[in-house]
Amino acid sequence: MEKIASSPISNLPQEIYLEIFSWCCIRMVILKPPWRNYLPTLVLGQVCKLWHAIIEQNPQLWSTFCAETMGPKTALAEVLRRSKHSSLDLTIWLQGSLLPSCLLTTAPRIQQLSLLAFEGENFVSLFNQEFKFPALKSLNLRHGTVREGPYPIIDPFSGAFDCSVLTSLLVSRLSFLPSHPLPSIRYIWIDHMRLDDACKLLTQCPNVEDIHIGSIRLEHFPGNMVPEPSFDLPVALKSCVSLSLHTLTGGAIVDTSLQCFQLPNLTSLQFKRSYCPTSAIDLLQHSQHLTSLNLHNIRLSKISLPQLLTNLANLRDLSYSEDDPWVENPTGVEVFSCLPPRTGTPHG
1 MEKIASSPIS NLPQEIYLEI FSWCCIRMVI LKPPWRNYLP TLVLGQVCKL WHAIIEQNPQ
61 LWSTFCAETM GPKTALAEVL RRSKHSSLDL TIWLQGSLLP SCLLTTAPRI QQLSLLAFEG
121 ENFVSLFNQE FKFPALKSLN LRHGTVREGP YPIIDPFSGA FDCSVLTSLL VSRLSFLPSH
181 PLPSIRYIWI DHMRLDDACK LLTQCPNVED IHIGSIRLEH FPGNMVPEPS FDLPVALKSC
241 VSLSLHTLTG GAIVDTSLQC FQLPNLTSLQ FKRSYCPTSA IDLLQHSQHL TSLNLHNIRL
301 SKISLPQLLT NLANLRDLSY SEDDPWVENP TGVEVFSCLP PRTGTPHG
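Using the UniProt record's numbering, the first residue of the sequence shown is number 1, and each one after it goes up by one.
Among these hints, one or two may not hold up.
[Unchecked claim] In silico DSS-like pairs for lysine-lysine, Cα to Cα no more than 30 Å straight-line:
#1 K272 to K137
#2 K272 to K238
#3 K132 to K238
#4 K137 to K84
#5 K137 to K238
#6 K84 to K132
Think of the hints as simulated: they come from the structure by calculation, not from any bench.
None of the values given here were measured: they were computed from a predicted structure.
Given these sequences and hints, build the entire structure.
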């Protein structure tokens, strides 16, 4: 033990300690799945004296944690205690509709928070309570499911929360509609949401700069019924400079989505694993400031790449990749052959 304590490991940079500690935690989860909820205590109990000292003296090692259950006897309270005054990045699976009291008391230290639940109703009850995190910069809300096939989207629900410095918001498989504007939001990721609910959410984020939209749905009810939009169109997003559309597999979905947004200051546009329909031309014609266009694993619909490039005088970065390789006569081969020379940046 003396040789270990006097070894050069005691002089390693803090970042190395964090990597080693994280790796040990991952290995423990793999080897002992039933113990995952008590992971920090177990890790401490199976390390040498040197690591006891290192972990105790470096509270930032405890600043990132993922808990599947919560309560006074789980590891969460111990993590919060050992992290002392460090900023926190927490991922928590909601087993009920209440946040643990120990989490609420440390709210001023939480900068990144991911809340996941198999039961969407847990989110509804959660936002009916006081949700106050004054230091929170990033919030992820994910409705998970173990079922195969299309993921269910719970009915829209409204919520109020006090997160005055929140800049990043991710919402997946939920129709979350904030009850008040969120002017501090700069980045938003919307996934598996109905289009009208996505537009309502975006109207509450007037200063958003970077938008990612994936797996949007048009239907409201069984039978693929498409109701009239219940909001004013188009949604004006004057601060948005970057838009990414991914996994939009129907031309009608992409067409409708693009027609919903007004993006006068857009500089970067990405289509990924999506159709790129004729409505994209209309969008690009009103995107005079566009400097970056990325088309990854897409299918062009009734248009060619040169048509998309019309009037894009400021374009500096253009990248393109073909459709899925199993598609017969992939559009990408034909379009790439039409690509004007010296257009865009070479990609190996």
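Practice problem: Please write out, lowest number first, the hints stated earlier that are contradicted by the structure. | Solution: none
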